[in-house]
Amino acid sequence: MKTIIWKELREHARWIPLGMIPMIIFLVLKWRSNELIFDEYGSSLSLSSLVGLVASGVALCLGILQSWPDQRPAAHALLLHRGITANAAFCGKLLAGLLLYTIAVIVPLLGMAMFIASVGIEHRAASPSALLPAALISIAAFGCWPASLLVVQRDAWFLGSRLMPAVTAAVVVLACGALSTDVFWLACAISLVAIVGLLVAAHRVFVDSGHVATGLGRAGVAVTVTMALMTVMSCVVFVIELYRRAPASSNGGVNYLYAADFGPDGEPWLTRSFYSRLMNGYEVDQVAKMLPGRSVREQLQPVEEGWRQLDKWSIFMMYSARPGRRFASLGNTTVANSSGQAYHLVLDTRLDAVLLYRVGINPRYRLEAKLLPPPPVASFGEANTHMSRFDRAGNFRLVSSTGVYCIPNSGADVELIYAVPSESKHLGGSRGKFGMQANDAPFELLLRHDDRIVLLESDLDSETAARAQSLGEFSGLDEVLRTEVRLPHEVATASMIGFARDPLRADSYLCLTQDPLQHDKSIHWMRFDESGQIKQHELYDNDTQTAEVFGGEWAVGAVPPGVWAIGAALLIIETGRTPPGIARVWELSKSDPSKAAAMLFPFLLLLLLQPMIGIPLVVWAARRRSLDKWSTRQWICWAFWFGPCGSLALLAVYPRILREPCGGCHRATRINLASCEHCGHSLDETPKTGIEIFDRNTNTPTIVTQPAGV
Amino acid sequence: MRQDNIAIRTQGLTRYFGHNAALRSLTLDVPRGQVTALIGHNGAGKTTLIRMLLGLLPPTRGRAELLGCDSQSLTPEVRARVGYLAEGHFLWGWMKARDAARLQRETFPRWDQTLFDSMLEFFGVAPHSRVAQISRGQRAGVSLAMTLATDPELLVLDDPSMGLDPVARRAVVEGLLAFARRDDRTILVCTHLLDDVERLADRIAIVSNGRLLVDAGLAEFRERIGGWMLDAEFGSQQAAQIPGLIDLRQARGRTHLVVANHDSETEAAIQRISGTARREDLTLEDAVLAYLRPAAMVGSISEALEHTR
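Protein chains in written order, with our numbering: chain G, 1 to 710; chain X, 1 to 309.
Simulated from the structure, these hints should not be mistaken for laboratory data. Be aware that one or more of the hints could be misleading.
[Said to hold, decoys possible] Covered stretches of chain G, as calculated for chain X (at least 3 residues, CB under 8 Å):
# : stretch
1 : 666 to 678
2 : 683 to 692
[Claimed, not checked] Not the full set, but computed from the structure, chain X residues with beta-carbon under 10 Å of chain G:
# : residue
3 : Leu54
4 : Gly227
5 : Arg249
6 : Leu282
7 : Glu285
No experiment lies behind these values; they were computed from the predicted model shown. We put the beta carbon where it would ideally sit given N, CA and C, even for glycine.
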């Protein structure tokens, strides 16, 4: 094996700079991109994408370089005909490839990490951990190496299944790119499984000289091709769906958004808005008052003069802990103090500090101060739910898992405005959202934890302020008033669209929710008091979805059963939640079995249709490929789980066997058998022509003839 | 022939590339200690046969044994006992001559550095010469040195003289002769140069269109093939009456016949066509070329006769 490693390194080391230089260029470009925070999030130049692109290219080229030239018969013989096994030759190539890949891709990343660590946070909010997603993608991208070996060495049609391994490797890189920032360990597991699968298949193809004659190799190719086929088919369906929807979703180039909202009277209204470039946001142009149990979409009228929506609080999803994310920007605007000097504030979750950067010219940023928050804020990094905003005085309001803080722009100490009660445990997930009002009130903030909502407000009218509890005076604001509202059970368990103070009745609140069981069917409007007592509850038809919007659980049935099962298992493992479709149908089956059955029928039909197509296809293909019963059964199982894509993989794994007329019975018979499958006539018997000259004293050879090859 | 006296044995070896059969039901024995020449026109299936023998290509059906081991599962130990010189003297261009030695030395336990060095000297190749920068003949020398210095029991050579000048060619043949002098060495050499075969080979195997037509000792082959000259031209009907007819050429009112496995019946059939027919001495080249002409294709003699008229 040492010899092969040496040979591969001697042969291909010269290509390293071609991979290394683009990597270094991209890393330097990213570093010089003038973004204060060096990470993946909200960046115009995504490090992971660039690294994924370059690393995939390096792995692909390396794989081709290491396999294509050695496909020439003479080179193939010189490589393999020596006192080593084909297995050792493959391992030699793999290790050499891995070493070259590491030098070209991983070393620049390590170098960058060391550079970042040495620079520190003086001029950039940067940490070596920011390179973690990119490092994971670069590992996943190595899957392109065995994929290219498979493409080059496997005996198949290029326009058939030969390019499929490359598709699979690309999908794995893309999937890791998408998942690495959210579910890092899942992305790690996917890339590891994919690389091992591709390596196993490539190894068998290499050892079997272009064929896959063994079970393990066949399994590897089957998985690879099935994955690729499913991806290709999904892409085709997606493109068709996009094309189909395109003319329906636009109206003269204007995209409309329908929403249920509070009207000026606090009642629910259906609004239609369009994106206004002038306002850089959505503007309402048509409205209709919603009526219980009736669709009002057709009754939309142009919005009248003076009509305005009731101010409401919207719930925002918060940031969650992600690998490589140590820093978070506390707002994207620059705050200017009296001297006109611009600053940026960055939350450092590792130091539990707010970093104050002064904006200059060269260097562009300089760390001015570390504002170490008082002890209660020290749990910033744990829940990682934070949101910030400037108030009118230019102070930052920072919302974290522990509470709300004010960071004065004067650089003074951080002040606690509101501390989250210590008994509140669920601040993450669907019930632990924080939210803020969208309008530009001086200070309005909504916090939700468990079944309670806390409103933090200033500038309240005297009547409302009288009911609210004062938080006292603090920087930039005279007084912050706190109101705590208990949510009714129906609201706490639902998906909230909006929350508002009732404009007509004091001590009363309004809420618009969607039923998690029938979120696409109806909208609930509720009026309740501070103690969570419901005073009024109405149900309206949901007209907010466009007619063309693809919805409904039945569509999940189009996913192959195996993928569905794996996806559901991963969801349960990762989040501990049951897949939404199952939960919804299960809940509905208790209250309305007929509706549940109607929902379930198209889903089951689609789900069953896939094995119904896939299994006959397998039976037909297995007969054509002359598979034995055991293999056919295995493939039937495969088709059951992966539908027609699984069946088509069979055609890729088993090459077509040529048939020729038998000399005995003249029926078409397999050429890879020693004798005719119909009449037993030996296929090795060739008619003598009388010109053959063989040794007179040669004995009959004693090798037992067996079918070979397939 | 006893099993342990056979270095290479194939049984019903068949290989298809798509719909084309490159080799059909080939059954061949290569005895130990002898030099066997494998002859055939381009595309006859010689290289395919060698690749299957070395386990570098799986057969469609049939099987082969090399030094008693199934060719599809050759162990590193068996491979180390077999030297192989690929067609075209392929070497990686980045290699230096000394790199070639390193490549072989570590994977062939019986590596003979002295032999390698002396062969390089013979071909005028310096150890630091890069393969991409030496002449074709010198590359052939390095390639041959790499193969012979592994001290193989069985040597498989695919057209070793290809592209060589007469001097280098003579050197290669003499090198092989010296190598074959030891009784336990077996050589299977695939070549188009029939005078090399005459000097080197003990046995001859002719492959045409994927079929093995001849597998015999050189003397036996010569004995069983005969040539006649007739002072007349004749048609395909008459030619079809001659058993074992391999080749027929007509020119200037004369007809030259090459017949395999001739006996008194053959002679009588020829005399019936023309009473003036007389035996003609055939060189090895004449005999082999008779097999390699398109007319020697099975079942197509009559068509060829029509064509020559």
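Okay, the hints, checked on the actual structure:
1. 666 to 678: holds (count 4)
2. 683 to 692: Held - the stretch 683 to 692 of chain G has 9 residues with a Cβ nearer than 8 Å to chain X, which meets the minimum of three.
3. Leu54: holds, 6 Å
4. Gly227: violated, 14 Å
5. Arg249: It is violated, given that the least Cβ distance between Arg249 of chain X and chain G is near 16 Å, above 10 Å.
6. Leu282: violated, 13 Å
7. Glu285: Violated. Min distance 16 Å.
Taken one by one, the earlier hints fail for this structure at numbers 4, 5, 6, 7, listed in ascending order.
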